[in-house]
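Enquirer: Build the full structure now, drawing on both the sequences and the hints.
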Amino acid sequence: MAVNVRQLFPLQQVRARRIDVSRYLKLDGGRYLIAAALMLSLMSLLTLGQTGRLATQGYEITALEAQKTVLLRERNGMLLRLAQAQAFDKIQPRATELGLRPAQLEQVRYVSLETVPDTTAIQIAAP
Amino acid sequence: MATRSVQPARPVTISRWRMNAVLLIALLLLARVALHLGYIQTGQVKVGERTLRDLAQAEINQRKPIPSNRGIVHDREGNILALNVDYRSLYVDPRMVNREAAPRIAVVLSGLLGMQSSDILNKLVDEQYHWLAIKRWIEPELADRVIEFMKQDPTLWNGMYFQYEPRRVYPGGAFAAHTIGAVNLEGVGISGVEGYYDGILRGSTGVLTAEVDAKQNPIWIAPQEIRPPSDGVDVELTLDPYIQHLVEQELKQAVDSHNADGGVIIVMDVRTGAIRAIASYPTFDPNRYNEYPPEAYNINPAISALYEPGSTFKIITVAAGMQSRAFTADTQVNDTGVIQRYGYMLGNWNRAGNGMLTPGRVLYYSSNVGALQLAELTGAEAFYDAVRRFGFGQPTGIDIAGEGSGLVPNMEAEGWSPLVLNTNSYGQGIAVTPLQMVRAVAAIGNDGMLMRPYIVQKRCRGDDCVITQPREAGQVVEPGVAWTVRRMLVESANHYSPVVWGPITGDYSDTWLVPGYEICAKTGTSSIPDGRGGYDTSGTIGSVVGLAPAEQARYAVLVKIDRPRDDIWGVSTAIPVYQAIAEQLMRYERIQPNPALAGYGQTAGLLAAASR
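Chains A and B supply the protein sequences, listed in that same order.
Position one of the first sequence corresponds to residue 1 (the numbering used here), numbered consecutively onward.
Position one of the second sequence corresponds to residue 1 (the numbering used here), numbered consecutively onward.
Derived from the structure by calculation, the hints contain no laboratory data.
Even glycine gets a Cβ: it sits at the ideal position worked out from N, Cα and C.
One or more hints might be untrue.
Unchecked claim - Facing chain B, from chain A, some residues (calculated, C-beta under 7 Å): (1) G58; (2) F88; (3) L105.
As the list claims (entries may be wrong) - What the simulated footprint calls covered on chain A by chain B, stretch by stretch (three residues with Cβ under 8 Å from a Cβ of chain B suffice, anywhere in the stretch; the number is not a length): (4) 43 to 57; (5) 71 to 80.
Said to hold, decoys possible - Restricting the straight-line Cα-Cα distance to at most 30 Å, the calculated cross-link-like pairs of lysine-lysine (DSSO-like) are: (6) B/K252 <-> A/K90; (7) B/K135 <-> B/K123; (8) B/K123 <-> B/K151; (9) B/K135 <-> A/K68; (10) A/K90 <-> B/K458; (11) B/K64 <-> B/K135; (12) B/K215 <-> A/K68; (13) B/K215 <-> B/K64; (14) B/K151 <-> B/K135; (15) B/K123 <-> B/K215; (16) B/K46 <-> B/K215; (17) B/K215 <-> B/K151; (18) B/K135 <-> A/K90; (19) B/K123 <-> B/K64; (20) B/K135 <-> B/K215; (21) A/K68 <-> B/K64; (22) A/K68 <-> B/K458; (23) B/K64 <-> B/K46; (24) A/K68 <-> B/K151.
Expert: Below is the structure:
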């Protein structure tokens, strides 16, 4: 009877093969497929993450725009109230109520001012 | 033993060809489905005019307009005269409304919104529409109250929606209404500055083309196309709020107290042509423009209503003759009160003669007979040439919508005769706008330089501003001629001052119209054409035009009162208004009064009202 005396799978060999890093880098055959799938998965995850972030930021922009619109509305409403309060028709009765009246002649003083040359402008113009 | 025989069951067999036939039919049906699916997927199926692909795209990809903000209108002090404010409007989708609740909703809304409940109910149940406005631009407090009601029982208010809509608001109401103009309900400027500058005030609407989610928010991960909106330009007017308020008050008071039809006052900066105030009365509130007849808001009487200027036009007659060297300030003509020309008797207002008159005295007495002789000395060609150089018969170019041109007779035209020149010399048979008249007199105050009037002095988009530069429209008379005419007009003004000062001082002789200042003024009484070739004898237009002060003039002022009922000449109605405005302007401009320019009972710098 014939006996196979060859060592079936020596442990040392296995260990040596396992720690041989270069073997893992030899992406031949199916390994290429696995690597491609991994790459694709990673890229998909990245894209998904980016898309999610973009979508979230988009909604934030939309919310901010809505907030801006509300603030602009408030601003215009305040401008309107300010303009209404500044109208002469409102100011005049209020001034009368407060006892204000047109200046009398004796209250008016006219002061003549000599025209002073604008020395500031000259200084700026000179280097 | 009896045995029961069992007959073996007959095997069910389907012949192969039948099975094949069934399979074939199923295959054909599947093929048909596949084909139809392909047909649908390739977008060839149409619903109406549109393919399914288009419909799907329309559902997902939407074009959303991005509205632009209409520019703000300010006066020269920065006060807001017009701006857009978002108000809430209440809309209804009648198909969504609870029919049983509709009468109750109508009654509640009627009480809140001040509308007829029957009108509201009609809208609530009108199912031929998907979207009907119950009330647009509701005051914020009212809208809040309606919303409170809605929150109490949301199901009751099914189909009712609030939506923000921009509305043009004029905080001052009727303040400077004819100048600012109005914007219609679609947001289009229809008159005044709003109409003239509509293109730049409105800006341009932007568009966002994007995929949207169920709430109509754009999905930012999908490709988008944005055309950003361009907001309207803010404009700053030359109007001075104080002067505008002053002239509006004075005009309203004069028109109401004399039961006149209306009137116009214009105050123009002599040196630049900037309009400091334009008031027309009766006026309108642009916030509610649609409650007025169209002519109330479409026509600005100050720039478009034609009238015969009457004696105020004698200023032009004298300036034209002196400029053409046809006569000098010392030339005299004989005022006989009435004069015959081409078979017609032409005369002064009172038919009384004033004897030999210089051009200055022609203005002083407002002599028609004198003016027509001066025009004859000038000659028709030189006269009309000067009239056109003063800007009559053509728009002034002011930046307000709806300006009129006026009517100046053409010497070449059929029907013209020298008689026309005679009547034109004292302001009849010629039609001008108030703006043309005040602009011409402003040229006299500006040493003969005619300016183009303007109302917008600054246009800003953000911090980027364009400032309007004053534009000269030509030297119409020499500075010397302008000065001479101004001296004449000071005497003319003082001649009419007793109308104001006589009742105060008891002295009815000539005195200073505004104590402390030299003021130019010329009055005019205009007949009103009746449209049948004659004149309406039931009323006149009284006007005054002049400069304040006479030298280094700041303002040209025109006051025009239409058909005052208690003053057939109109002048005694217009002069007090002119005087009140001139004296206030002098104080407002902080011009020091000259104590030497005060007559009996007058104090330089003291207002007429305070002198009483």
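Enquirer: Would you mind marking each hint as holding or not holding in the structure?
Expert: Cross-check of the supplied hints:
1. G58: holds (3 Å)
2. F88: holds (4 Å)
3. L105: A/L105 check passes; min Cβ-Cβ to chain B is 5 Å, inside 7 Å.
4. 43 to 57: holds (count 4)
5. 71 to 80: Per the Cβ count (6), the hint holds.
6. B/K252 <-> A/K90: Judged against 30 Å, a Cα distance of about 17 Å means the pair holds.
7. B/K135 <-> B/K123: holds (11 Å)
8. B/K123 <-> B/K151: Answer holds: B/K123 to B/K151 is near 22 Å, not above 30 Å.
9. B/K135 <-> A/K68: holds (26 Å)
10. A/K90 <-> B/K458: holds (27 Å)
11. B/K64 <-> B/K135: Within the cut-off at roughly 24 Å; holds.
12. B/K215 <-> A/K68: This hinted pair holds, its Cα atoms lying about 19 Å apart.
13. B/K215 <-> B/K64: Given that 30 Å is the threshold and the Cα spacing comes to 13 Å, the pair holds.
14. B/K151 <-> B/K135: holds (19 Å)
15. B/K123 <-> B/K215: holds (27 Å)
16. B/K46 <-> B/K215: holds (27 Å)
17. B/K215 <-> B/K151: Given that 30 Å is the threshold and the Cα spacing comes to 21 Å, the pair holds.
18. B/K135 <-> A/K90: Roughly 29 Å between the alpha carbons, so the hint for B/K135 and A/K90 holds.
19. B/K123 <-> B/K64: Judged against 30 Å, a Cα distance of about 28 Å means the pair holds.
20. B/K135 <-> B/K215: Given that 30 Å is the threshold and the Cα spacing comes to 25 Å, the pair holds.
21. A/K68 <-> B/K64: holds (18 Å)
22. A/K68 <-> B/K458: Measuring from Cα to Cα gives roughly 27 Å; hence the hint holds.
23. B/K64 <-> B/K46: holds (25 Å)
24. A/K68 <-> B/K151: holds (25 Å)
Checked against the numbered hints listed earlier, the structure breaks none of them; every hint is satisfied.
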